[in-house]
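**Student:** Sequence:
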Amino acid sequence: MTAFRVTAEEARQLGRVAVIYGGLSSERVISLKSGAEVLAGLQRAGVDAFGIDLGGEQGELNPVAQLSEADFDRAFLILHGPGGEDGTLQGVLEMLGKPYTGSGVAASALGMDKVRCKQLWAGAGLPTPDYVVVNGDTDLAALGERLGWPIFVKPAHEGSSIGIAKVNTLPELQDAYKNAAALDSLVLAEKWMSGDEFTVGVLNDEALPVIKLETPHDFYDFNAKYEADDTCYLFGHGLSDEQESELQSLVINAFKTVGCQGWARIDVMQDADGSFQLLEVNTAPGMTDHSLVPMAAAKNGISFEQLVVEILRQTV
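Start counting the sequence shown at 0; every next residue gets the next number (numbering that gives the first Met the number 0).
Quick caveat, the hints were computed from the structure, so don't treat them as lab data.
Computed from a prediction, not measured in an experiment: that's the story for all the values here.
Check the hints yourself; a few may be wrong.
Computed list of lysine-lysine pairs in DSSO-like fashion (alpha-carbon distance at most 30 Å, straight line) [stated by the list, open to error]: (1) LYS165 with LYS177; (2) LYS211 with LYS32; (3) LYS255 with LYS190; (4) LYS211 with LYS298; (5) LYS32 with LYS165; (6) LYS190 with LYS177; (7) LYS32 with LYS97; (8) LYS298 with LYS255; (9) LYS32 with LYS298; (10) LYS190 with LYS211; (11) LYS255 with LYS32; (12) LYS211 with LYS165; (13) LYS211 with LYS255; (14) LYS97 with LYS255; (15) LYS190 with LYS165.
Using the sequences provided together with the hints, build the complete structure.
**Tutor:** Quick look at the structure:
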């Protein structure tokens, strides 16, 4: 099979492309892996692309100066977490007049903030698990009674399941809150959904094939996402055609409600009654060899090279 390449005319139109990755968040390691894959894919496709490790390995570089001094026409953003996926970088690039992939400032900020994203979805009448914003004054025993056990505890602004814990008792909840609060000033306690977990990628306002996630872990944690070989990604998800269509429609509605653009990935679980519940949106999903958007795109016959070019085309 001949590898996908852009035409000489499209390569000229796209110009010099900066793949911006790395950053200084707790997801730096994953971003470096995603960035390396994206950069290699664009180069294989004939795009004039180069990488910018924003902030540098030790955080010694000034990110704004890096971007101001770099020579590029548009940017492929593949930073994960705060500082790259939360609207901050998007705002800098808009001030510099540089087109970039993915969602804009507001949608990126909302997508990175699990609490406000859930508030927006709930306000729009979209289903999302019941939750409580936790702080040092929260009565955790009463919280446990309200939500029921088990409970998910999440830092509101972290990704890749960093700092997330599933707890079954009050002492576990107390410890999980302390650990999450050490990472983030805003902590979320969420009702546990007992049904199956799914993820749905979005590309050009259309849902990619649904993937069901199965792991022997308590939940789809960092190790299950990026390191383990025993995680199962199933296109044979057991949903009826009607259910799959319902899920994809829900995801597109959630994507548009947040104001996302270009591409994203939305995670969903079923509750005890089998109803779909929105968990979170990832506005710059992973692009590693364990990542789900490339997997779903491949199911639709879209190669990795075609995928990264299609995402980049949204900046023209």
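**Student:** Evaluate each hint against the coordinates.
**Tutor:** Okay, the hints, checked on the actual structure:
no. : hint               : in the structure
1   : LYS165 with LYS177 : 14 Å, holds
2   : LYS211 with LYS32  : 23 Å, holds
3   : LYS255 with LYS190 : 25 Å, holds
4   : LYS211 with LYS298 : 13 Å, holds
5   : LYS32 with LYS165  : 27 Å, holds
6   : LYS190 with LYS177 : 18 Å, holds
7   : LYS32 with LYS97   : 24 Å, holds
8   : LYS298 with LYS255 : 23 Å, holds
9   : LYS32 with LYS298  : 22 Å, holds
10  : LYS190 with LYS211 : 20 Å, holds
11  : LYS255 with LYS32  : 28 Å, holds
12  : LYS211 with LYS165 : 20 Å, holds
13  : LYS211 with LYS255 : 22 Å, holds
14  : LYS97 with LYS255  : 23 Å, holds
15  : LYS190 with LYS165 : 10 Å, holds
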